[in-house]
Each structure stands twice: as structure tokens, then as C-alpha cells.
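Order-wise, the sequence lines are chains A and B.
For the first sequence, the working numbering assigns the number 1 to the initial residue and increments by one for each residue that follows.
For the second sequence, the working numbering assigns the number 1 to the initial residue and increments by one for each residue that follows.
Simulated from the structure, these hints should not be mistaken for lab results.
These numbers were taken from a predicted model, which means no experiment stands behind them.
Quick reminder that beta carbons are idealized off the backbone N, C-alpha and C, glycines included.
Hints should not be assumed to be uniformly reliable.
As the list claims (entries may be wrong) - Label pairs and their calculated CB-CB ranges:
hint, chain 1, residue 1, chain 2, residue 2, range
1, B, A3, A, A285, 46 to 56 Å
2, A, G88, B, T2, 35 to 45 Å
3, A, T28, B, T2, 42 to 52 Å
4, B, P15, A, R83, 41 to 51 Å
5, B, I34, A, G186, 48 to 58 Å
To be verified - When the alpha-carbon atoms are kept at most 30 Å apart in a straight line, the in silico DSSO-like pairs for lysine-lysine are as follows:
hint, chain 1, residue 1, chain 2, residue 2
6, A, K137, B, K61
7, B, K49, B, K24
8, B, K24, A, K154
9, B, K61, A, K154
10, A, K118, B, K49
11, B, K61, A, K118
12, B, K24, A, K137
13, A, K154, A, K137
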Amino acid sequence: MMLPKPRGAFSAEVFEALRSAPSRLADTSLPEAENADDTAIALWALYELHFRGLEDVEEDLEWHPAALQLRARLESDLEARLRAHWVGTAPQGDFAETFFAFVADHDGPSLARFVQTKATEEQVLDLLRMRSIYHLKEADPSAWVVPRLPTVPKAGLVELLYDEYGAGDPNRLHHHLFARGMESVGLRSEYGAYVDDAPAEVLEQNNAMALFGLHRRLRGAAMGHLAAFEATSSMPSRRMAAGLERLGLDTAMIGYYTEHVTADAAHEQVAVRAICGALLDCEPALWDDVFFGAFTCMDQEDRVAGHLLGRWQEAA
Amino acid sequence: MTAPEFEHADVELCPGGPLLLRGKHVVRDAEGRIHQATGPLTAVCRCGKSAARPWCDGTHKLLPEDKRP
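Chain B extracted, bound-state conformation (with noise of 0.2 Å):
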């Protein structure tokens, strides 16, 4: 086939790194606040160290490869 229906998520789980999103998310943080997404991609903590929780904010990229998520 040479126009073929592409695999494509709306949600991804970068190696190492953030939950990617894709549309305008409204995200409810561990304590229970409401966040909503100022832009049609957004990036979720995983590793729980950001500065910005519940976005990503780059710091996994600081910690050892074993504590990434």
C-alpha cells in the first residue's frame, strides 16, 4: 500500500520522560487541583522532580538513568 493508515496516538509515553498530550487537556494533579493545558501539546510529569508539576519541566533529564521513568 502506498498510502497507508498511519499508527498515531493521541496520549505517549516518552522513554525516560514526560506523558506527551495531545488536545487541550484538563489535568487533575495528585492533590487533587485542576490544571488546564494553554496549548494543544503538553508534557505531564512522570518523574515526579519537576518544578512546574503536573507539567514536565526537562528536570528528568538531570536525574540518573535508573531514576527516570
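For reference, chain A alone in the conformation it holds in the complex (with noise of 0.2 Å):
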């Protein structure tokens, strides 16, 4: 893919000195973000340097120091932004517990329940513009932190991608199914077909995947945004599946959704005790961040649903 379209004077600045002038990434006189959009569209493309990287930029950029300078400034706000969100304490606990508890105590606006029972064909759709952002990339991210993980862990994090990624099978490869089912519908399945139609909400839950992903002293929160992710997956991809039945969009999108009813009942037994679980018992000091990590895939996930309820409500 291609650079997205700048949303702001920063990012077009960005995209520009990305095309053709790196060095002034890291220039102080680049001008200010003038939105939420302008910062997420840009750390979005920096971060796609690291993930499939982009046409119109150079593959050497990955690892250019004006771009990590950039990056590194952009990354310290969001997470900044991200642990203020949190204004809660991580519970104590026997682990597997309490984070299912933890899980289940979070209330917030569900697009799947409003799928399942109220959206348009046109909704549904304009949903499906929205996951693909993640969902054609689906457990990447993750995959970063394999190296970074001790024993018991990683074997439970490796077991849980080995299924993500198809178990040898490229047919069953988790986003390869969700390419298939986004042609079913008549959508594009290009990787980054959408970006430019994403809100920031989107962009940053995306973001917020990728810093944890790529910050080895993140480790702990991303473990924990992966089993939130799986803890909250199955009753939605029901409700999900259940939805694009109503409406009678094609079976491979459904079969997507189907699939991670009892797929995501799996992962998130694996995610919790033998991950985030194992992954306490040998460094229990990482207990708050991936509890940090559980809230910011779920506060995340309500900003993108309110963000979207009020768009089609607005729309209405």
C-alpha cells in the first residue's frame, strides 16, 4: 500500500519528508498535530514501516533515527494518553480469577449486540471497513513479543498464534479468512484498503497494539490486551455471525465470525493461564501493565463503538 492521506499540516509534513527528506522528521520545526486524526494517521504510517511497509517509502526508513526520534515522541504521548484513560487500580488476586472477573465487570456500548439485533446491511458494512484495519493483520502484533518471553509463556503464546495463523494451512489463516469474507461482501481486502476511511479511534486502537507490541518493556501489556481481546471475542462473534445472518451477507464472512465463536473460547483459556498467567509467575512485577493492557483494549474497543453508534445514530 501506499502512504494514507494526511490529515493535518503534521502528517502532511510527515508523509512528505517520508517520501523524499527523512531527516526532517526529526525536526523541531515540524508544525504542531492539529487533531487526534493528524497524530494517529501519522504514527500509523511509521508504525506500517515495521508491518508491511509502504510503496512510496523507502525500506530502509524502518530503522532511520530521524523516524525513531519521530516515532519515539508520538509513542511516549499515547501511552501517556493511554495510562491516563486508566483511572483505575489492577485487583489483586488468584490471576486467572480475577482477570476473568476483571473482563466481565467492564461495561460498555457492544457494536456486535447492535449488529446482531439493529444494523444495516450499509452499517454492517461500514463496520467491516473499520475492523479490517486490524483484522487483515490480525495477531501480529503478538507476534512480536514471542522473542521477548520466557519459557512457559512463550510456548503458550506460540500454540495460540500457531492457530491464528492457520496451523500450516494458509486457508485458515485468521486474516487470510477475513480477506475472503470482506470479497464475499463485496468489499476490498487489500491490506490498508481503509485506512483512509478509519477515525482516530481506530488508527489508535491500532497504534496501541503496535507500541505494545514493539517495546520489549511492554511485554506485559501486551499480553494482557491479547487476552482481553480473546476474553471478550466469542459471545461477540456470535452475536456478530448472528447479525450478518439476519441481514444474509454471504457465509464467509459469517464462517469468519463463527469461526472465532469457539476459536476465541480456546484462546482466551490459553491467553490467560498459560500466558498472562505463566508469564506472572516468572516476573510478577509485570502484574499492573498487563492489567494496564486488559483496560486499554477494552476502553479502546467502547471509544471505537461510541464512535461509531453515534456516527450511524447521527446518520439515522
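The task is to assemble the complex, starting from two chains supplied on their own in separate frames and drawing on the hints.
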């Protein structure tokens, strides 16, 4: 994919520098970001250099000091914002029991429930376009954490990722299943096709996963995020499948969600017990960050849901 | 010992939740029907309330604690 569209003077200058003058990325004279979109799209593009790359940006900019300097500045702001959102404290107790209760007690607007009962086909397609930003790289940010884990949680994470990546069968690879589903409902399946349509909330949701995945220091948050993601997937996936069936959408997209009903019922147990629980047995000091990652996962989903439900209500 | 032999199970009873199976198992349900696991990790329902039996679909989380397996 090419660089996305800039969303303000800041991202416009950053993208121009990425195309032609990378040393300017470290300039203190870069304009201030105009808004959350302007910041989020710039950081998203910088992260993209670590995923699949951008066709109009030289590959070696991935590790260019000026790009890294700018990325570090944006990441520092992002992490501070994410930590400020979490006003609670990590609960204490038996880890698995406490974690499942922490996730169950979180309350927020549910896009899946809306899709199940009320959404129009256009709203569902809108949601799928937003989901595609992550689902077309599903599990990739977690894969960065593998070499940073001690033996037992590493075995757990690789076990989970093996299933996410199709257990050796590319046709079962989850982001490929989503791509097939996108095509089946008439949407574009190319990686990043809809990034220009994604609001700041969706970009930031993706940026947080890259932030946690790319920094060894944040391995606890990365795994807590993964566990909360898996532990909030089965039932919403069932609702999504029911909503898509209600609207008569193609079976390939429905199949993506039904696959996640049962797969994630197993994954949540592995993520909570064999990954996070095992990680905390080795590194108990990561306890708070595991819960910070989990909170961030759920909080950002609430923000995405709030944005989309609000937008659809306005349009109605 | 710095490189211990870890305790590891292929079948795990998850407290309050499903039976976690490692490996591509074939499961016969209570009615005698055969179900092939589609991946290397599966969770078998133990609360009896899953809509995807024999597989777990997370429904146990909606049950009061004393009704969970």
C-alpha cells in the first residue's frame, strides 16, 4: 500500500519527509498536530514501516534515526494518554479468576449487539471496513512479543499464534479468512484498503497494539491486551454472525465470525492461563501492566463503539 | 536446576470453564455424534449451555458462579 492521506499540516509534512527528506522527521520545526486524527495517522504510517511497509517510502527508513526519534515522541504521548485513561488500579487475587472477573465487570457499548439486532447492511459494511485495519494483520503485533518471553509463556503464545495463523494451512489463517470474507460481501480485501476511512479511535486502537508489541518493556501490556481481546471475542463473534445472517450476508464473512466463537473460547483460556498467568509466575512485577493492557483493549473498543454508534445515529 | 522439566498437560480442566484440548481431536458428543476439531486448540463445553456443543462458546461466563463447572 501507499502512504495514507494526511489529515492535517503535521501528517502532511511527516508524509512528505518520509517520501523525500527523512532527516526532516527529527526537525523540531514540524508543525503541531492539528487534532487526534493528524497525530494518529502519522504514527500509524510510522508503524506500518515495521509491518508490511509502504510502497512510496524507502524500506530502510524503518530504522532511520529521525523516523525513530519522531516515532518515540508520538509513542510517548500515546502511552501517557492510554495510562491517563486508566483511573483504576489492578485488582489482586488468583490471576485467572481475577482477570476473567475484571473483563466481565467492564461495561461498555456493544457493536456486536447492535449488529445482531438493529444494524443495516450499510452499517455492517462500515464496521467491517473499520475492522479490516486490524483484522487484515490479525495477531501480527502479538507475534513481536515471542522472543521477549520466558519459556512457559512463550510456548503458550506460540501455541495460540499457530492456531491464529492457520496451523500451517494458509487457508485457515485468520487474516486470510477475513480477507475472503471482505471479498464475499463486496468489499476490498487489500491490506490497508480502508485506512483513509478509519477515524482516530480505530487508528489509535491499532497504534496501541503496535506500541505494546514493539517495546519489550511493554510485554506485560501486550499480553494483557491479547488476553482481554480473546476473552471478549467469543460471544460478540456469535452476535456478529447472527447479525450477518439476519442481513443475509455471504457465508464466508459469517464463517469468519463463527470460527472465532469456538476458537477464541479456547484462545481465551490459553491467553489468560498459559500466557499471562505463566508470564506473571516468572515476572510478577508485570502484574499492573497486564491489567493496563487489558483495560486499554476494552477502553479503546468502547471508544470505537461510541464513535461508530454515534455516527450511525447522526446519519439516521 | 536452571533448565527444569516443566509440568505440562495436553488436556486441561479450566476452573469454571471448558476442558481445553491440545491436539486435533475427534470428539463424540452425548448423542453419539462425531465432531472433528478444526484446529490444534479446542475447548469442550462443560457447563452444558453452549450453543456450539460440544465446543465451548463462552456461555459459562453468563452463569452464576455456583452454576459454572
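Pair hint B:K49 and B:K24, alpha-carbon separation not exceeding 30 Å: 23 Å, holds
Satisfaction of hint between B:K61 and A:K137, Cα-Cα up to 30 Å: 28 Å, holds
30 Å limit on alpha-carbon distance, applied to hinted pair B:K61 and A:K118: 24 Å, holds
Distance restraint evaluation - B:A3, A:A285, Cβ atoms, bounds 46 to 56 Å: Taking Cβ atoms as reference, B:A3 and A:A285 lie about 23 Å apart, which means the hint is violated.
Verdict for B:P15, A:R83 (Cβ pair) under range 41 to 51 Å: 31 Å Cβ-Cβ, so the 41 to 51 Å window is violated.
A:T28 versus B:T2 beta-carbon gap, inside 42 to 52 Å or not: 48 Å, holds
Distance restraint between A:K118 and B:K49, which requires alpha-carbon spacing of 30 Å or less: 25 Å, holds
Whether the CB-CB distance between A:G88 and B:T2 falls inside 35 to 45 Å: 38 Å, holds
Given hint A:K154 paired with B:K24 - CA-CA distance at most 30 Å: Holds. B:K24 to A:K154 sits at ~21 Å (cutoff 30 Å).
Straight-line alpha-carbon gap B:K61 to A:K154, limit 30 Å: 27 Å, holds
A:K154 paired with A:K137 [C-alpha distance capped at 30 Å]: 20 Å, holds
B:K24 paired with A:K137 [C-alpha distance capped at 30 Å]: 25 Å, holds
Hint compliance for this structure: hints 1, 4, 5 are broken, all remaining hints hold.
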